[in-house]
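Novice: Chain residues, written in single-letter form:
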Amino acid sequence: DAKTTQPTSMDCAEGRAANLPCNHSTISGNEYVYWYRQIHSQGPQYIIHGLKNNETNEMASLIITEDRKSSTLILPHATLRDTAVYYCIVRVGKEYGNKLVFGAGTILRVKS
Amino acid sequence: KAGVTQTPRYLIKTRGQQVTLSCSPISGHRSVSWYQQTPGQGLQFLFEYFSETQRNKGNFPGRFSGRQFSNSRSEMNVSTLELGDSALYLCASSLRGVSTDTQYFGPGTRLTVL
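Top line first, the protein sequences correspond to chains F and C.
In this text, residue positions in the first sequence follow the numbering used here: the first is 1, and each later residue adds one.
In this text, residue positions in the second sequence follow the numbering used here: the first is 113, and each later residue adds one.
Just chain F, with the same shape it has in the complex (with noise of 0.2 Å):
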């Protein structure tokens, strides 16, 4: 019951942005889009969420755009440790059980 679709893999030079795309054209008014990554075996680390407007914080920034219906993840300045995978998530209500619904995720190899 994936709600999201994002590509494979994306391939990244070190110190340029990463633009990471992120489809979700079933979302609902009021669930968030949630952007995770997890480093090789370690635990998922949050990195932003939003619900319609874009979101900065110090690992990156969100651009959701205005019918929702997909979003971009950007990390200004890939260094090698932004490898990982990142998943974009959608939070789903009540309705489909209150959880963290993953999707497949792109892994992100960030290239010196």
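Source of the hints: derived by calculation from the structure; they are not laboratory data.
Being a predicted model, the structure only gives us computed values, none of them experimental.
One or more hints might be untrue.
Simulated pairs of lysine to any residue, SDA-like, Cα-Cα distance not exceeding 20 Å [said to hold, decoys possible]:
1) F/K111 x F/H77
2) C/K169 x F/V101
3) C/K169 x F/N98
4) F/K52 x C/D213
5) F/K111 x F/A13
6) C/K125 x C/T150
7) F/K52 x C/T214
8) F/K52 x F/E31
9) F/K111 x F/E31
10) F/K52 x F/S25
11) C/K169 x F/G103
12) F/K52 x C/T212
13) F/K52 x C/S211
14) C/K169 x F/E31
Here are the computed distance ranges between Cβ atoms for each label pair [stated by the list, open to error]:
15) C/N171 x F/T26: 12 to 22 Å
16) F/I63 x C/T126: 48 to 58 Å
17) F/L51 x C/N171: 24 to 34 Å
18) F/H40 x C/P120: 35 to 45 Å
19) C/R175 x F/I74: 23 to 33 Å
Every residue, glycine too, gets a C-beta built ideally from N, C-alpha and C.
Fit chain C to the supplied structure of chain F, relying on the hints for placement.
Specialist: Just chain C, lined up with the frame of chain F:
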């Protein structure tokens, strides 16, 4: 503030045995959720506990159960282990629950069933 901790980090069991995993949430967090991660199925929600009560449950058989204590620490139990139960088991905590607050994950327990 200390993060979510899980014990043990690694566990090897044989088919038919049972196992108990432990999770200590971030101080002040009252909600604990459990997830199973396998290469084939990805990350899947098991259940959420809040104030010692199971609030939500994923689509897993009854062999998977959990509980939460008054200090918000949680345990997850899997009985009659099967080979397919080999996975990384993750717990996540949040202040009031997954429906309202950000969840923070622990490092996971790697369970291998032989």
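Novice: With reference to the structure, classify each hint as holding or not holding.
Specialist: Results for each hint:
Annotation: proposed proximity of F/K111 to F/H77 holds, straight-line Cα distance about 12 Å (limit 20 Å). Taken as a hint, the C/K169 and F/V101 pair is honoured in the structure, with Cα atoms around 13 Å apart against an allowance of 20 Å. Proximity of C/K169 to F/N98 is assessed by CA-CA distance (about 9 Å); at most 20 Å being required, the pair is judged to hold. Proximity of F/K52 to C/D213 is assessed by CA-CA distance (about 16 Å); at most 20 Å being required, the pair is judged to hold.
A C-alpha spacing of about 5 Å is found between F/K111 and F/A13, which places the hinted pair at or below 20 Å, so the restraint holds. For a cut-off of 20 Å, the pair hint linking C/K125 to C/T150 stands: about 17 Å separates their Cα positions. For a cut-off of 20 Å, the pair hint linking F/K52 to C/T214 stands: about 16 Å separates their Cα positions. Taking the CA atoms of F/K52 and F/E31, the gap is near 10 Å; set against the 20 Å cutoff, the hint holds.
Between F/K111 and F/E31 the alpha-carbon distance is near 34 Å, which puts this suggested pair outside the 20 Å criterion. Straight-line distance between C-alpha atoms of F/K52 and F/S25 comes to about 13 Å, which keeps the hinted pair within the 20 Å bound. Proximity of C/K169 to F/G103 is assessed by CA-CA distance (about 18 Å); at most 20 Å being required, the pair is judged to hold. Note on F/K52 and C/T212: the hinted pairing holds, with a Cα-Cα distance of about 16 Å set against a maximum of 20 Å.
Our distance criterion of 20 Å between C-alpha atoms is met by F/K52 and C/S211, whose separation comes to about 17 Å. Between C/K169 and F/E31 the CA atoms are separated by roughly 19 Å; this keeps the pair inside 20 Å, and the hint holds. Separation of C/N171 from F/T26 is about 19 Å and conforms to the stated range, judged on CB atoms against 12 to 22 Å. The beta-carbon spacing between F/I63 and C/T126, approximately 49 Å, falls within the hinted interval of 48 to 58 Å.
In this structure the hint that F/L51 and C/N171 lie 24 to 34 Å apart at CB holds, the actual value being about 27 Å. For the pair F/H40 and C/P120, the beta carbons lie near 19 Å from each other, so the given range of 35 to 45 Å is not met. Separation of C/R175 from F/I74 is about 42 Å and departs from the stated range, judged on CB atoms against 23 to 33 Å.
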